[in-house]
Amino acid sequence: MILRGPWKAESQRAYFAKALIELGRERPDLVVIGADTTHSLKTADFGKEYPGRLYNLGIAEQNMMGVAAGFAAAGKLPFACTYSVFGTAHVYNIIRQSIAYPKLNVKICCSHAGLTVGADGATHQMNEDITLMRALPNMAVVVPADGPETYKAAKAAATHAGPLYMRFSRMDFPTVTEAHDPFVLGQASLVREGSDVTIVANGIMVSRALQAAEALAKSGLEARVLNLHTVKPLDAAALEAAARETGAIVAAEEHTIMGGLGSAVAEAVSELYPVPVARLGVRDRFGESGEGEKLLDKYGLSAVQLIKAAHDVVARKAK
Amino acid sequence: MEAAEAERIRTLEETARLLRRHVLEMTHAADSGHAGGSLSAADLITALYFHELRIDPKRPQWEDRDRFILSKGHACPVLYAALAERGFFPTEELLTLRQIGSRLQGHPELGTTPGVEACAGAEGQGLSVGIGMALAARLDHKPHRIWVMLGDGENDSGQVWEAAMCAAHYKLDNLIAVVDRNGIQQEGRTEEIMRLEPLSEKWKAFGWHVIEINGHDFGQILEAFSEAKATKGRPTVIIAKTIKGKGVSFMEGVVKFHGTAPTDEELARALKELGGPAP
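Respectively, the protein sequence lines represent chains A and B. In terms of our numbering, the first sequence opens at residue 47 and continues consecutively. In terms of our numbering, the second sequence opens at residue 34 and continues consecutively.
Keep in mind that the hints were calculated from the coordinates and are not lab data. In this text, a Cβ means the ideal position worked out from N, Cα and C, and glycines have one as well. Hints may be right or wrong, so weigh each one.
Stated by the list, open to error - Computed list of chain B residues with no C-beta within reach of chain A, every gap over 10 Å:
(1) R87
(2) T129
(3) A153
(4) G154
(5) Q158
(6) L160
(7) C199
(8) E256
(9) R267
Claimed, not checked - Away from chain B, derived, C-beta distances all over 10 Å, residues of chain A:
(10) A119
(11) I140
(12) L150
(13) G266
(14) A283
(15) E339
Stated by the list, open to error - Cross-link-like lysine to any residue pairs, in silico, SDA-like; alpha carbons within 25 Å at most:
(16) A:K149 x B:E299
(17) A:K278 x B:S135
(18) A:K201 x A:A168
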């Protein structure tokens, strides 16, 4: 694929583990909880560094979320870390009642989100987590684009007051951000300037949005690319500005189109400054086994499909 | 000494009678709420709040306080009554139960009601929260204890057993569970809906020290508390056999009063039976 960028692929989990270890030093109140997933998420490294502050509670995620709530109620800063299907859907009402309702300071950090779980297939490809977590009052939702941003998001999560959900991938993601790039929870990052159309993306779709934008530039369309790493609280101002200044929006996410980033964008834009919007995401279906990048392409999330969607929304602009 | 002990128990019985009166008046005023499971737990709650727990109503957030989690959150009328009588908030507020704007929500809400330590309502969650608190206390070398009351029907829930396994794994002897074994859940007798027995053996198999008592006998209750506190290296569960609706003859053992408030006439009869001034 000629559109593929020159980025190196890196593990978000490795960056996450690095952030946790640094946080462990800065925050003696921080504890990490895992569910037979501590080596996979590399939280075991935290346990080696800080014996007694890592709790591997086995394949018992309901209990895990309750324990996290208890730690937070006792003044600790618990990071509950597992795979996204187990850390959200499997335990939704535990999170709802024991964490979100009392607004406890629990950070739910989940790997293995989305289609890029790959070969493990649909049971593990959690494409509905953002919808679920976004619907919970008090819950912040963060989807970092790559390794460095995962590191920054973990650091920011520790200073955020209240429950927060953060999802990242099993697959190495192209590193599109740099260590010195600013990261502010709740503020979309402008990663490419443009005035003809805006592509709003998060997670791995930021890299694909950038690829698409380069191709669009060659055909005369300058696409703005917004990295909406925080789906909640939503940066409505950045979306309204994008609608006003570029007149058309494409939203792209490695997630169902129902209730995630695309929905959040469409909800905000339709209320604040209606312009044509196209949403790219998994279209109301389960995934399947396969290689991550190829699954993204098959499920409608290729740069080519982004380019087509951008042309479509531009064509729909009011003349 | 024996006279002092008898006097202590007599005082606790009087307090329990007062809490039961509150429960009936509160659920009657709200025209909803769970009277039966509040009455079955009334003696245990009384023993906890008026004898056992190291708490300070003037400092609800005191770091070293004992924690009590009512995992069977639907019995919150009796918890609210205890908290009010202990001075966490005015007793006049009790009659606002379940009203719009009230601090006394239909199920316990952490952060809203002074003295409430966890949100509860969906069954099965409180023991896990207690484990988090107990692990935190251990990390900080704090001597306070975490008490969690479960309903018996709640033992149907898988999360309870996840938590039971976990607490034993971590040898949490600062965590004490109390099961209000009143034998009735929302739709009928526990043994008919989902058999729990042999319940003690289940908890034992999960690694807990088990004490079985009559949950309406203050002598047994206080003795069980002492034994639980003296047990080291594993968590303790007190399985307290109780009577749903205890204290009001026409409510005792009646499934309907799991989630039904007394009518005007039932309230008058109940208060008369319990003794004390007419409403």
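Now the hints, each set against the structure:
Look at B:R87: its CB is around 15 Å from the nearest CB on chain A, clear of 10 Å, so calling it non-interface holds up. With a closest Cβ-Cβ approach of about 20 Å to chain A, B:T129 is found to remain outside the 10 Å limit, as its non-interface label requires. With 10 Å as the threshold on Cβ separation, the claim that B:A153 sits away from chain A is violated: the shortest Cβ distance comes to roughly 7 Å. Look at B:G154: its CB is around 6 Å from the nearest CB on chain A, not clear of 10 Å, so calling it non-interface is violated.
The claim that B:Q158 lies off the interface is violated: its Cβ sits roughly 5 Å from the closest Cβ of chain A, which falls inside the 10 Å cut-off. Not every C-beta of chain A lies more than 10 Å from that of B:L160, the closest at about 7 Å, which undercuts listing it as non-interface. The claim that B:C199 is not at the interface with chain A is violated, since a C-beta of that chain comes within 10 Å of its own (minimum 5 Å). No Cβ of chain A comes within 10 Å of the Cβ of B:E256; the nearest lies about 28 Å off, and the non-interface call holds.
With a cut of 10 Å on Cβ distances, B:R267 stays outside the contact zone with chain A, its closest approach being about 17 Å. Not every CB of chain B lies more than 10 Å from the CB of A:A119, the least distance being 6 Å, so the non-interface label is violated. The claim that A:I140 lies off the interface is violated: its Cβ sits roughly 6 Å from the closest Cβ of chain B, which falls inside the 10 Å cut-off. The non-interface label for A:L150 is inconsistent with chain B: the shortest C-beta to C-beta separation is roughly 8 Å, within 10 Å.
Look at A:G266: its CB is around 55 Å from the nearest CB on chain B, clear of 10 Å, so calling it non-interface holds up. Chain B leaves A:A283 outside its interface by the beta-carbon criterion, the shortest separation being 30 Å against a cut-off of 10 Å. At roughly 37 Å from the closest C-beta of chain B, the C-beta of A:E339 stays outside 10 Å, upholding its exclusion from the interface. With a CA separation close to 39 Å, the supplied pair A:K149 and B:E299 exceeds the 25 Å bound.
Proximity of A:K278 to B:S135 is assessed by CA-CA distance (about 29 Å); at most 25 Å being required, the pair is judged violated. Proposed proximity of A:K201 and A:A168 is contradicted: the alpha carbons are some 31 Å apart, above 25 Å.
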